[in-house]
Amino acid sequence: MTIRPNFASLAAIATLAVSGAGVASAQSTLEIVKERGHLRCQVGSPSPGYYMLDTEGNWYGLDVSVCQAVAAAIFGDPTKLEIQSVSTQSRFTALANGESDMLSRTATWTLTRDSQLGIDFLTPNFYDGQGFTVRKDSGITNAMQLKGAKVCVTTGTTTELNLTDFSRANDLGISAVTFEDFNVRDDTYVNGGCDAVTGDKSSMAGNMAAFPVPADHMILPVTLSKEPLAPAVRHGDNQWSDIVRWSVFALINAEELGITQGNVEDMRANSKDPNVLRMLGAESNLNEGLDLEKDWAYNIIKAVGNYGEIYEKYMGDGEQGLGIAREGSLNALWTNGGLMYSPPMR
Amino acid sequence: MTDTTNQKAKVRVRPKEEFNFFQDQRVRSVFYQVVTAGIVGWLAWYLISNTATNLELRGMNTGFGFINSSAGFDTDFKLIEYTPGVGTYGRIFMIGALNTLLVSFLAIILSTVLGFFVGVMRLSPNWLVAKVALAFVEIFRNVPLLIQIVFWYIGVFSLLPVVKKSIDLSLGAERVILNNRGLYMATPVPGDLFWMTLVALAVAIGGVVYFRRRAHAKQEKSGVQTKTLLPSIAAIVLLPGAVFLATGMPLEWDVPVLAGFNYTGGTSVPPAFLALLVALSIYHAAAIAESVRAGILSVNRGQTDAAMSIGLKPDRVMGLVIIPQAMPAIVPPMISNWMDTVKNSSLAIAIGYSDIVSLFMQTALNQAGYAVEMVGMTMAFYMFISLTISFFLNIYNKRVQLVER
Amino acid sequence: MAIVKAVNTPARAAPISETSLVGWLRKNLFSSAINTVLTLFMAFIVYLIVSGVVVWGYLDATFVAENRRECFDNSLTGACWAGVIDWFDNIFYGRYPREEIWRINFGGLLLALWMAPLWITRVHGKILVGASVVALYPFLAGYLFSGGDKGLFVQVMVAGAILAFVINMANVVAGLVRNQSLDRLVIDLLGQANAPDKTQRNILLGLLAAGFAAAFLWQASWTVVGVSWTKWGGLFLTLVISGIGIASSLPGGIALALGRRSKLPVIRVLSTGFIEVFRSVPLITVLFMATTMFPLFMPEGFVLNKLVQVIIAVVLFNACYMAETVRAGLQAIPKGQFEGAHTIGLGYWGTMGLIIMPQALKHMIPNIVGSFIGLLKNSTLVSIIGLFDILLMLRSISRDVPWLGLHKEPLIFGAILFFIICFAMSKYSRHLEVTLSAGNKH
Numbered sequence: 000m001t002i003r004p005n006f007a008s009l010a011a012i013a014t015l016a017v018s019g020a021g022v023a024s025a026q027s028t029l030e031i032v033k034e035r036g037h038l039r040c041q042v043g044s045p046s047p048g049y050y051m052l053d054t055e056g057n058w059y060g061l062d063v064s065v066c067q068a069v070a071a072a073i074f075g076d077p078t079k080l081e082i083q084s085v086s087t088q089s090r091f092t093a094l095a096n097g098e099s100d101m102l103s104r105t106a107t108w109t110l111t112r113d114s115q116l117g118i119d120f121l122t123p124n125f126y127d128g129q130g131f132t133v134r135k136d137s138g139i140t141n142a143m144q145l146k147g148a149k150v151c152v153t154t155g156t157t158t159e160l161n162l163t164d165f166s167r168a169n170d171l172g173i174s175a176v177t178f179e180d181f182n183v184r185d186d187t188y189v190n191g192g193c194d195a196v197t198g199d200k201s202s203m204a205g206n207m208a209a210f211p212v213p214a215d216h217m218i219l220p221v222t223l224s225k226e227p228l229a230p231a232v233r234h235g236d237n238q239w240s241d242i243v244r245w246s247v248f249a250l251i252n253a254e255e256l257g258i259t260q261g262n263v264e265d266m267r268a269n270s271k272d273p274n275v276l277r278m279l280g281a282e283s284n285l286n287e288g289l290d291l292e293k294d295w296a297y298n299i300i301k302a303v304g305n306y307g308e309i310y311e312k313y314m315g316d317g318e319q320g321l322g323i324a325r326e327g328s329l330n331a332l333w334t335n336g337g338l339m340y341s342p343p344m345r
Numbered sequence: 000m001t002d003t004t005n006q007k008a009k010v011r012v013r014p015k016e017e018f019n020f021f022q023d024q025r026v027r028s029v030f031y032q033v034v035t036a037g038i039v040g041w042l043a044w045y046l047i048s049n050t051a052t053n054l055e056l057r058g059m060n061t062g063f064g065f066i067n068s069s070a071g072f073d074t075d076f077k078l079i080e081y082t083p084g085v086g087t088y089g090r091i092f093m094i095g096a097l098n099t100l101l102v103s104f105l106a107i108i109l110s111t112v113l114g115f116f117v118g119v120m121r122l123s124p125n126w127l128v129a130k131v132a133l134a135f136v137e138i139f140r141n142v143p144l145l146i147q148i149v150f151w152y153i154g155v156f157s158l159l160p161v162v163k164k165s166i167d168l169s170l171g172a173e174r175v176i177l178n179n180r181g182l183y184m185a186t187p188v189p190g191d192l193f194w195m196t197l198v199a200l201a202v203a204i205g206g207v208v209y210f211r212r213r214a215h216a217k218q219e220k221s222g223v224q225t226k227t228l229l230p231s232i233a234a235i236v237l238l239p240g241a242v243f244l245a246t247g248m249p250l251e252w253d254v255p256v257l258a259g260f261n262y263t264g265g266t267s268v269p270p271a272f273l274a275l276l277v278a279l280s281i282y283h284a285a286a287i288a289e290s291v292r293a294g295i296l297s298v299n300r301g302q303t304d305a306a307m308s309i310g311l312k313p314d315r316v317m318g319l320v321i322i323p324q325a326m327p328a329i330v331p332p333m334i335s336n337w338m339d340t341v342k343n344s345s346l347a348i349a350i351g352y353s354d355i356v357s358l359f360m361q362t363a364l365n366q367a368g369y370a371v372e373m374v375g376m377t378m379a380f381y382m383f384i385s386l387t388i389s390f391f392l393n394i395y396n397k398r399v400q401l402v403e404r
Numbered sequence: 000m001a002i003v004k005a006v007n008t009p010a011r012a013a014p015i016s017e018t019s020l021v022g023w024l025r026k027n028l029f030s031s032a033i034n035t036v037l038t039l040f041m042a043f044i045v046y047l048i049v050s051g052v053v054v055w056g057y058l059d060a061t062f063v064a065e066n067r068r069e070c071f072d073n074s075l076t077g078a079c080w081a082g083v084i085d086w087f088d089n090i091f092y093g094r095y096p097r098e099e100i101w102r103i104n105f106g107g108l109l110l111a112l113w114m115a116p117l118w119i120t121r122v123h124g125k126i127l128v129g130a131s132v133v134a135l136y137p138f139l140a141g142y143l144f145s146g147g148d149k150g151l152f153v154q155v156m157v158a159g160a161i162l163a164f165v166i167n168m169a170n171v172v173a174g175l176v177r178n179q180s181l182d183r184l185v186i187d188l189l190g191q192a193n194a195p196d197k198t199q200r201n202i203l204l205g206l207l208a209a210g211f212a213a214a215f216l217w218q219a220s221w222t223v224v225g226v227s228w229t230k231w232g233g234l235f236l237t238l239v240i241s242g243i244g245i246a247s248s249l250p251g252g253i254a255l256a257l258g259r260r261s262k263l264p265v266i267r268v269l270s271t272g273f274i275e276v277f278r279s280v281p282l283i284t285v286l287f288m289a290t291t292m293f294p295l296f297m298p299e300g301f302v303l304n305k306l307v308q309v310i311i312a313v314v315l316f317n318a319c320y321m322a323e324t325v326r327a328g329l330q331a332i333p334k335g336q337f338e339g340a341h342t343i344g345l346g347y348w349g350t351m352g353l354i355i356m357p358q359a360l361k362h363m364i365p366n367i368v369g370s371f372i373g374l375l376k377n378s379t380l381v382s383i384i385g386l387f388d389i390l391l392m393l394r395s396i397s398r399d400v401p402w403l404g405l406h407k408e409p410l411i412f413g414a415i416l417f418f419i420i421c422f423a424m425s426k427y428s429r430h431l432e433v434t435l436s437a438g439n440k441h
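Protein chains in written order, with numbering that gives the first Met the number 0: chain D, 0 to 345; chain C, 0 to 404; chain X, 0 to 441.
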């Protein structure tokens, strides 16, 4: 009976697993989440700005705020949330097979992913673009001067593909040096191992701040690719995707309307603007279609603030921020020339 | 107690008549085997049918057709021709497999040489040398390989000089150049008559082998030692050298030249490869050093004394008496170490060297998503390598067992 | 005729070359010209390495700072340990809620106390102590670490574990004070030393049942807050994975090894195939298989969490290595032991369970410690598939805004930590090897 003891240990582990294993049925995702009592939101291993661990072991960052916003919308409490960190290789399968309810990590929205992986991308919460960082004293001011250059890049992502495409399209013969870890990529570059680094501009700006002498480096104006980073959910549950989509829109809409974490209570009680009153649930029944509480949007803003506040906190000049300017970037509100735009909430 | 003994005694007298279907050894053994086979078969069927259902439900791609479809990504280190957008996934598999084999092969050679060296150092009468070797072994054995790989990668190779201050390892000839972008080597490009040099080399080696055999036979017969080392080296160096010169030096070097940002020409090796190679070599050298030391210590001390007493010099004692006897104890653990080296080279994924796991099982799987097929192919590759190595180990073991008295 | 000397000649002092420092140096370091050169060369290399490390890691290093910029301001060339120190809780306990960390420490303390009797010579019943650690401690620790509501099964196991722990401690006291096993002491104290065996057994069983009832009632009175596995991490998670890995791979390995030596061809072929397949592939591919393919193996709708997937992979992988360790242990048992067992009429399981395994296991202990070290080192691979073990925690420091880019120091800290743990254990295993083989010589 060769494998009997193995079965025994398997069975023991299976019992251990039951706590973490759920049996999905025909229930809607919202019902499952409500029954469980917390939201499972997937991020990746720490990535500056988007999702990071602090010394207390808490997650913080732009994408984490989106998770908290959805948890607040459902439960009125942003802490009813279990953040799962999943490696790049299994991020989409973990979402597709129900390990997590939503994915809020730096995943680029592409046609292939949206249509072939059994997942749906929702509205982007950050627009990024791939660029190059070079040393100021290298005399490079234009990406076309990178002919024959060595460029450091992280492996296994679209970044690598974009660099290959860019080099082929412009006949630059760039040789890529691939790295698993962006820290090593940056170290190699700082020590002269590469002529340039390529990566998402926002994260490069953040990383540059941590170089020994940040002022020696600069990001070239060229943008290689469009990187709309959006949360995603499993394909097929429209009510659930509405909830996540409109949670993100609520963040943007609040900024458009000037609602902040600080004044949200005051606005709900005293505002004259029907848009504000509608959104915060003082008037009309926007919540019904989503099957949420009346004050869902109020709870979101109360818990995490509006988009602008979140951006300042984690991407901008806040204490935990990376110091990436929002002015003039794609992530500014549409009224300031950016792409952040919320459909009317009515 | 007494009861059972009596019964047993009876049974022993008339075993045939007391045939009990449930107690019979043969029936039981068949039963056990059928049950086991049944459980394993059921489990396999269960897993496979689940997998099939899940694959269909999720609309995931299946089949091996992807091998011939083109892969869009490039890799920075490849031994065979490959163009992104044209090359296929099958080609990517080949590139990954060759990269794994290359780094493992070099690491095996380096670790074996270094391991022997350190193992002998461990037994040095010089206290400091022995202690340094001990520290080397203990440090590198007790830190996880993954940490070591990452450490060499970030800690050491980022400390290498920039391109303009490259280290010339060929002492001014600019044939082998090391900087923090990797190792650049000049590649020899043979000319028309170069084959004659190769022929000369082959002839010289053949001659030397014959010469040494004869010298050995002579020593066996008459006890007269012939000096073989110097003449051998002279023959191997001089004969091809002379032919090479006579044919007009038909060998060009494709030399790495500093052009623009980088060295171009020659062969270049990325830092990830070097880091992996160094880490693997050192980690496994520490293990091999221990088995070498254990092997040498396993040879009876009397052997050394006896060899010394017949007047052999210490290096001869080592070379002729101790090492040959220690080999049967050294080789098996060493070969299993080689196997581990091949397997451990998969940790390349942590630093992005394009071995089979990181190239095929990660990048390609991320792009194309044939999880079952790709994981299966990768595992099959490793199994093939391991079986090949253990095949040779078995041959060696058989030979040693035959010789053993 | 005073040829025989009646008193011993006093020992002469050792020659100066053997005792004095100079003599030692001359003998061990400068015995010949080549040796002298070697010594000087080695000393030079050692000096270079040590001085470099000391300057970077201590003299120029920053130990207290708010963020990396402050480290840079202090010294651009020295190490920045402040970040590592700041992250200690994460490195050791992962994301475990800070106010609950005592549970991990308490669990570790329990394990240490539970196992301590194994090293005290006067304590009796060591086999029971060892068995209870493997069979009961995991449930107590498992509940302590994960918390939440207790199901009936967990309640029973926790009560059993508590009882076992209390008995264990009492047994230590009995051993130390009276050099007796606890059951004898209890019987003696009750004055039943001369009662028939059956009465004694009934008394002990009754006490045991009463103790269990008390433990059950007591444990029902408290619960601890649930902590999701996603919050487990750091060294704690590394130890959990390797602990479960080694504990479950032992029975699996024994089964596989017996299967491989079995006379039944089907079982032998299956076991051999299973062992060889897993031994010939790298752990990382098995882990990949676990995370990408296990979800496909499961029936529709059944989701295994990542930690369980990884643990299954580690156990399967390690069981196959353990099987070879066990097989080597079995091969070391002389044939006479099998024959002896057969002569007294033992069957297969009797022979294995009562005669062969106990001897083989004793021989295998150093190797088991060795595989535990290997597993501990290998478990760092789970970081590649995104589990927050100690290595991923260390590498996450460089992604925390205040310490952005700080990645060398954590790695070196991790290397030192692993070195201390693994070196201590391998020294211990070597010590065991020596004592065991010494005890084995007749």
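In short, the hints are calculated from the structure, not lab data.
Incorrect hints may appear among the rest.
Claimed, not checked - Distance condition first, Cα-Cα at most 25 Å in a straight line; then the derived BS3-like pairs of lysine-lysine:
no.	chain 1	residue 1	chain 2	residue 2
1	D	K312	D	K146
2	X	K197	X	K262
3	D	K271	D	K79
4	D	K146	D	K135
5	X	K125	X	K426
6	C	K77	D	K146
7	X	K230	X	K262
8	X	K407	X	K125
9	C	K397	X	K334
10	X	K407	X	K361
11	C	K130	C	K226
12	X	K125	X	K230
13	D	K301	D	K271
14	C	K217	C	K312
15	D	K33	X	K149
16	D	K79	D	K135
17	C	K312	C	K220
18	D	K271	D	K293
19	X	K230	X	K149
20	D	K33	D	K271
21	D	K225	D	K33
22	D	K79	X	K125
23	X	K230	C	K312
24	C	K397	X	K262
25	D	K79	D	K225
26	X	K262	C	K130
27	X	K149	D	K79
28	D	K146	D	K225
29	X	K230	C	K130
- Query: Are the Cα positions of K312(D) and K146(D) separated by 25 Å at most?
  - Reply: 38 Å, violated
- Is it true that the CA of K146(D) sits at most 25 Å from the CA of K135(D)? 17 Å, holds
- Task: Could you grab the alpha-carbon distance between K230(X) and K312(C) and see if it respects the 25 Å cut-off?
- Result: Violated, because 64 Å separates the two Cα atoms, which is more than 25 Å.
- Message: Run the distance test for K271(D) versus K293(D): straight-line Cα separation, threshold 25 Å.
- Response: Holds. K271(D) to K293(D) sits at ~19 Å (cutoff 25 Å).
- Message: Run the distance test for K33(D) versus K271(D): straight-line Cα separation, threshold 25 Å.
- Response: Given that 25 Å is the threshold and the Cα spacing comes to 34 Å, the pair is violated.
- Task: For the pair we were handed, K79(D) and K125(X), check the Cα-Cα distance against 25 Å.
- Result: 46 Å, violated
- Item | Straight-line alpha-carbon gap K230(X) to K149(X), limit 25 Å | Roughly 19 Å between the alpha carbons, so the hint for K230(X) and K149(X) holds.
- Item | Pairwise hint evaluation, K262(X) against K197(X), where the allowed Cα distance is 25 Å at most | 41 Å, violated
- Query: Straight-line Cα separation of K33(D) and K149(X) no greater than 25 Å?
  - Reply: Holds, at roughly 22 Å.
- Query: Is the straight-line distance between the alpha-carbon of K217(C) and that of K312(C) 25 Å or less?
  - Reply: The hint holds at about 21 Å.
- Given the hint that K130(C) pairs with K226(C), does the C-alpha gap stay at or below 25 Å? 36 Å, violated
- Message: Hinted pair, alpha-carbon criterion (25 Å max): K77(C), K146(D). Please report holds or violated.
- Response: It holds: about 21 Å lies between the C-alpha atoms, which stays within 25 Å.
In summary, the numbered hints that this structure violates are 1, 2, 3, 7, 8, 10, 11, 12, 16, 20, 21, 22, 23, 25, 26, 29.
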